[in-house]
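There are 4 protein chains.
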Amino acid sequence: RFPLRFGTLRSYSWRQLSALKIAIKPQYFTTHAHSGPPKTMDEILKRTVGPLPTYETKDKSPLPPESNSVEFMHFYRSLDKEQTLEFLDKLSLDFGVDHRNVLELAGKLLETQTRDLATVLQAEDRLRYSLTPRYRQLLSHISRVEGGVKFLVDLRADLIEIISSKASDSPHIRDLSGTLKGLLSEWFSVGLLRLERITWQSPCEILQKISQYEAVHPVRNWTDIKRRVGPYRRCYAFTHSAMPGEPLVVLHVALTQDISSNIQTIVREFATLDTEEDMNKVNAAVFYSISSTQGGLQGVELGNYLIKRVVRELQSEFPHLSQFSSLSPIPGFSAWLQGILSQHRREGRGTGLLSEMEWKEVEAALGMEAGAMTLDSFWKLLTTNEWIRSQSLVRTLEPALMRLCAWYLYGEKRRGYALNPVANFHLQNGATMWRLNWLADTSPRGIANSCGIMVNYRYFLNETSVNSATYLQTKVIAASEQVLNLVSQFHKNSKL
Amino acid sequence: RFPLRFGTLRSYSWRQLSALKIAIKPQYFTTHAHSGPPKTMDEILKRTVGPLPTYETKDKSPLPPESNSVEFMHFYRSLDKEQTLEFLDKLSLDFGVDHRNVLELAGKLLETQTRDLATVLQAEDRLRYSLTPRYRQLLSHISRVEGGVKFLVDLRADLIEIISSKASDSPHIRDLSGTLKGLLSEWFSVGLLRLERITWQSPCEILQKISQYEAVHPVRNWTDIKRRVGPYRRCYAFTHSAMPGEPLVVLHVALTQDISSNIQTIVREFATLDTEEDMNKVNAAVFYSISSTQGGLQGVELGNYLIKRVVRELQSEFPHLSQFSSLSPIPGFSAWLQGILSQHRREGRGTGLLSEMEWKEVEAALGMEAGAMTLDSFWKLLTTNEWIRSQSLVRTLEPALMRLCAWYLYGEKRRGYALNPVANFHLQNGATMWRLNWLADTSPRGIANSCGIMVNYRYFLNETSVNSATYLQTKVIAASEQVLNLVSQFHKNSKL
Amino acid sequence: RFPLRFGTLRSYSWRQLSALKIAIKPQYFTTHAHSGPPKTMDEILKRTVGPLPTYETKDKSPLPPESNSVEFMHFYRSLDKEQTLEFLDKLSLDFGVDHRNVLELAGKLLETQTRDLATVLQAEDRLRYSLTPRYRQLLSHISRVEGGVKFLVDLRADLIEIISSKASDSPHIRDLSGTLKGLLSEWFSVGLLRLERITWQSPCEILQKISQYEAVHPVRNWTDIKRRVGPYRRCYAFTHSAMPGEPLVVLHVALTQDISSNIQTIVREFATLDTEEDMNKVNAAVFYSISSTQGGLQGVELGNYLIKRVVRELQSEFPHLSQFSSLSPIPGFSAWLQGILSQHRREGRGTGLLSEMEWKEVEAALGMEAGAMTLDSFWKLLTTNEWIRSQSLVRTLEPALMRLCAWYLYGEKRRGYALNPVANFHLQNGATMWRLNWLADTSPRGIANSCGIMVNYRYFLNETSVNSATYLQTKVIAASEQVLNLVSQFHKNSKL
Amino acid sequence: RFPLRFGTLRSYSWRQLSALKIAIKPQYFTTHAHSGPPKTMDEILKRTVGPLPTYETKDKSPLPPESNSVEFMHFYRSLDKEQTLEFLDKLSLDFGVDHRNVLELAGKLLETQTRDLATVLQAEDRLRYSLTPRYRQLLSHISRVEGGVKFLVDLRADLIEIISSKASDSPHIRDLSGTLKGLLSEWFSVGLLRLERITWQSPCEILQKISQYEAVHPVRNWTDIKRRVGPYRRCYAFTHSAMPGEPLVVLHVALTQDISSNIQTIVREFATLDTEEDMNKVNAAVFYSISSTQGGLQGVELGNYLIKRVVRELQSEFPHLSQFSSLSPIPGFSAWLQGILSQHRREGRGTGLLSEMEWKEVEAALGMEAGAMTLDSFWKLLTTNEWIRSQSLVRTLEPALMRLCAWYLYGEKRRGYALNPVANFHLQNGATMWRLNWLADTSPRGIANSCGIMVNYRYFLNETSVNSATYLQTKVIAASEQVLNLVSQFHKNSKL
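Which chain is which? The protein sequence lines are U, Y, F and A, in order. First residue of the first sequence? That's 1 in UniProt numbering, and the numbers climb one at a time after it. First residue of the second sequence? That's 1 in UniProt numbering, and the numbers climb one at a time after it. First residue of the third sequence? That's 1 in UniProt numbering, and the numbers climb one at a time after it. First residue of the fourth sequence? That's 1 in UniProt numbering, and the numbers climb one at a time after it.
Please keep in mind that the hints were generated in silico from the structure rather than gathered at the bench. Don't take each hint at face value.
The list makes no distinction among identical chains, and a pair is therefore deemed to hold if it is satisfied within one copy or across any two copies.
What the hints assert, rightly or not - Here are the simulated SDA-like cross-link-like pairs (lysine to any residue), alpha carbons at most 20 Å apart as the crow flies:
1. LYS181 with ARG136
2. LYS108 with VAL120
3. LYS60 with GLY178
4. LYS209 with LYS226
5. LYS475 with TYR55
6. LYS166 with GLN122
7. LYS226 with TRP200
8. LYS495 with THR374
9. LYS413 with SER480
10. LYS181 with THR132
11. LYS58 with GLY299
12. LYS58 with LYS181
13. LYS413 with PRO62
14. LYS46 with ARG136
15. LYS475 with THR54
16. LYS166 with ALA118
17. LYS181 with GLN137
18. LYS58 with SER468
19. LYS108 with ARG126
20. LYS58 with VAL466
21. LYS281 with LEU255
22. LYS495 with ARG349
23. LYS181 with ARG126
24. LYS166 with LEU121
25. LYS495 with LEU419
In isolation and in its complexed conformation, chain U is listed as follows (with noise of 0.2 Å):
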């Protein structure tokens, strides 16, 4: 019926379960003992989630006992996907807001309009109070349950789930999404948070999650992870003392002596005899890899954040360092190529992607005759890596997939914002669209996602907060001469 993926919900079962033992301790249970005949989500819900304190008594209110906090954690956690959604949708529903008594008060506030402003920002204190659901002062209290703050990235994390698989589209579910995310947003803070550099000596335990966690470029194996946090590499981590031993988001870094052009010679061919660093060979830090760990802390600043504290600890390990830059992937161009091919395909008309002369080239390339190619036949050579062996195909492909992929980046856009999220993460960090890098990722993978081109969004400090700036408020682009010059390319061209 209910077609939710719930994939994190999955993943992590094992880990919520492990948690769950420790903060269920004994002593919790001396009062409220888990005797009598299982309880309803009713019963649980009304018993765990208490009235919000009146106005005036609010800060007179006893707390509640931690075997509340403890019980409902226990609870959802034994819940199935279906039970899960149900179980939210009656908390965010029958716990929320009194919306009767913020009329009223809203009312009340019209009515003040006329007076002295003591009065006035009573009302609206009043008002504000109104506003608040009745279940955040539960969340606050789990919050301070031992584990609990994890138990809430990860219940944010299945309300993520819900809403985008779309399994459920009440407003009061994403305004319980909203109102945690605005606790997080305070517990997550950066003051908060304690930068970690990722060493070899760190403890095992880490270095395994470091692993797991890295989706850009997977780790595959012990040697693989040991080169990563070895010389001439760095890899920080933020972490929070609320979820000891877990990375909440990692970046790694290649120190290098220009700004990588390519992945490979940062994760798979480099090998070094050196043990210690020759600061000399230390030009450019390049952000090869950034990952967010928990999928609950969506829309909480914190990639950001880790990139400039990591430029500050760079800058004072080596003074001289001045050339920062990631090195990114580009997922979703490859898709979005498709979908233009697709699309021109059902239109029944020829592809303007490429001009004649390069479409000729490529048949002759694949020896076939003129015409014989189809957009079928075009499409299925880009996504399989056949093509990176032919040396003339290669050439023959580069620039058309060069200024194809400028206007996928620069020029596709999403509420104004550029479309392609790894790049709008960068601008709106500051950073300027600076080198697009053919046969940059020539993995399976990479020529599957984006043809195997790689951008560098390069980190220019004293201009990194005018361009945020301006990108948040103007969403224009900062971007290198190559890439317009790219971009001018296209247009020349190809036609979509």
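Keeping the supplied structure of chain U fixed, place chains Y, F and A upon it in accordance with the hints.
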């Protein structure tokens, strides 16, 4: 003109300066150098307190540069008392809520009354957002700068000082204080605090602070503090990762054979040759001092949580330990008594605090003729510690003072709750008013404050949550037979 | 020509190089630069191994510069195998004891025979000093340089390799090894070692080394090592402050309900869903692997102390824990058996290892005709793990192999002590030969080494010191009834 | 009867007791309970000091139980002064070397003169082993018990006290002390020591000890010690893993603009508002105090190594730092001067220490008639700090006292080395006697000890190894022109 005492502001000025030096690092000023003529308050405020983004763009607004926060902090710290008040006044008045906008959205909400839930929720959320003061964003940003959280704690201390000294009675100053309290409550929520046991191996810096902060029974020298962290003693503190090295609330515990009935045996006369504790001598944990160190965290519940965490800690260290109790001072008892006596004198009547018999006995013990003692001389008697040296006076005064003190603690109320703040604190936590102790603090300070009486608030662990809820909701105080007997003695023998 | 295998030297060459890089810092070479033509061995030795100060000035001799030690280390590490041997030969022969001087002082001592005690003591002390090899001072100095202690441990490993491979049989090489052992014994005395518990939170570097060093039951992958430091398992190591990050001796322990009788349940089939240990399931501590990691510390007692420390550690963690036992391999049993069979064959006689009845049963189980089985085919049978799959063979062979193995462990001696080195180790520690276990290690390795048999050496804590003294002084082995019964079975039914 | 002062023994008796409490844990006594009548010294010694194994079995002897060592420690610590002496006398005499055996083996060695090298080495090794005192093994075992190393350090302190107080002059007591020193030298070799920087964040326990141990310029209070670990100051100590929390040797450093010429600016008048150090103000590192804390480590070189390690540490922190110097007291100068004056008086002659002119000037400055000043009154003048307050006296006395002091430091010798122990220490380390400073320590103590003069021993880093070797081998002192000029002034103007 303006009689601000600003005690706290002065006292940490040195620390403020040093914190500032750390916070202001050259890199922050590359773009916003402090050049040109000094700025006025209005300029500073206008620049550093950015406008609130519109509801639509609230998740898309660029982060202001850190230099903004640092400039604000720097400027604020350069102000003298009067300027501080002026500055906070401007900040809270001109950069608070946009009242016009609130009214408009409140009006729109009223119009949704008959609409679907989604529309209502949307209108509520817009209204809620409009109730956010403009300065709230700046406060959030400051918390992310190094030393920022401590700055905000100190800023709140200034606000509290202003409000309580009546230097200003503007409602928007109170609003600012309230907004800040809300933020601090989230940042200092218990899940983010770390319990630390302080020992003789702790950093000197911490022990020096612990000594300075101890207000209940002042630490006289390093031998004294060494003893308070030595065998049969425990000292715990909550610390927070955003304010390293700074204990927020400190609890001193004595491990004793019975619940102590006087403080001398704990902090003065105690000496042990044992270097290891004998488990069999530890039957009771006596909380003999609890101090909050940060004025700016007023209203942020910490002490209650600390006691609960410490109980759990002690239980795991001493599984057989079952008696938990405070040994608490009674600040205000003498002042209250004096107030009554003054009133009686003003009213030109004799006092009914003592029975006639008792009055005569006191005169006899003093070697006075019957009827010779005035209210004045009686009062003087009590507040000097002369009477302590006379066995007959001690014997004679005991019943009257004990029952008066019981009444003061049990019967005197403020808004229905116990007037005495220490009593109110422990009763809110769920403790029982258990035993008044005669000659419990015979130091000059103890005599002057509470005629030498101290009180145990006992924590019966399986009753605290019920007690706490009862007290907070019905204002009924849990008290032992001893206390209730004394109260009934009071009703029989004293007239106020 | 010279058949040195130099296994160890090779294996740490990389680590040596890296250690060297750390050790050789520019500042050491300000005065003694490595300029000019490369030095010969004699030059290097002459310069770096200073003369022994005279007896009178022994406390007044200047410290040689650190560069001496570093130069020696550097030079030594640049040598190949043959050069190493030549160098150590020169060092030990030309820079050892001054024999002429010793003789002279021995003569003088004899003349003091009738003199007063002071004179005798003085003469003895001079003689003792004269017996100090000249190189001893250099070794002491090297230990003070960063990485020096590790260098000396590796140097001793080379000496042991040379001696045991018979690459040299010179007595002064043995003297050098003995002198070095004496020094290492002092530096690695137990008071200076640190017990570390290795967990999944330990540095990756340590866990990787632990995995590499585990020789008894090889670690297959990271899941495997994670399990060995997880619930119901303990892993302890001694480390030394002069060799940080380097475990010296490692002990793996399983916490079980009963003393384990096979290794599969510990390292292969074990899986637990528990994330916390259930105290009630922990009745026995089984030491299933102990590995020394530093060849150069041969003869320096560490394993014995580690077991004792771990026992104390476990007792304090599990106060009710009372059963301590090893589960040990029996290396050499199969080889010993083969040796006997070969001899029997050479001597042209049938074997008396099995009774006639047993012999026939084996033939029957193999489906052979009576008398068809030769010694050769019998032997082949045992060393492949074919027989394990035949229930009848397993049943048939058990009594014979168990009694032979008991005899091998209990009866076969070298200089009066148990021939089997693992047995000898545990018996010296005071353990009792407690139980032989059939089908205890059915891995190919286990079958090949000891026909799948393993043995528990049990530590009865109140008997270990007596057992140890008895074994070392009288060579009598403490054994259980099971073992003694098997031995007596052997006497009845087998002839060697 | 026996005039032992035993200062140290008393002073740490409390610590000894506490260390003992820790060391004696119940489990050690399961088999060797302290029951029955108290043991005599002989019984204890006989049981705890086992016989030396034979040469053949030396690697096969059982480890004695830990309880042996603990019993020995326990018993020793229960002894009073006289008993201690008696006990150590017995131990060293009856459990030392077997002289008869030594003689026999010395005889055998002489017989090998013409034999092959192997035989000679074997005979030497047996002889060497026979020279091992029987108690050496016990000392080694004690070092392995918890608190054992500290016990042995204290035991050696007792021996040194006995020897230096002449409570005993037996040569075997000296032998015992020498054996122990040899062992301690190995355990405290520099590779095993840890350099710790002491700061205000260090454990209180350490800072309290540092304060107590500071003998050169006593620490007056906690503000004083806080300053000595604050900005522009460094405090370093060596610690050892076998004596945790116990600084062994402590070095105080001031970071200054020029090499300091008086101590007041360092420990008295110094105050800084800086909370961070200005690198540009740090041109010189002045070692103004070095203290060894363990009497029992006399003769074990630590201070020299500490200075060298600290120099390296400072160089890496302040790469441009190039001036290293001590600012040292001159204990003994006043006493030496008094000795000369007394002798001159005894010999009935006037003093030639001052020229006639100078003598008259002093009389004039004192307002005396010419010829009125006696040697006695001159001496009294110098040892009270009256003269400091008279500008004319200060001016008059300077040249004479400075040249006399230069001679005292440079010219007065003991066994050829500098008589002054501080001078001897720094000269052995390779420092240059660089500058005498007038009015450098005007505290009563400074006047009384050395007429207020202090001296800089300067460390020119590229000369120290040559200087050290020269001084130790040829006894020639490296001195600056200033010092040499003063010495030549002395020769011209003073007669001893």
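Determine which of the earlier numbered hints do not hold for this structure and return their numbers in increasing order.
Result: no hint breaks.
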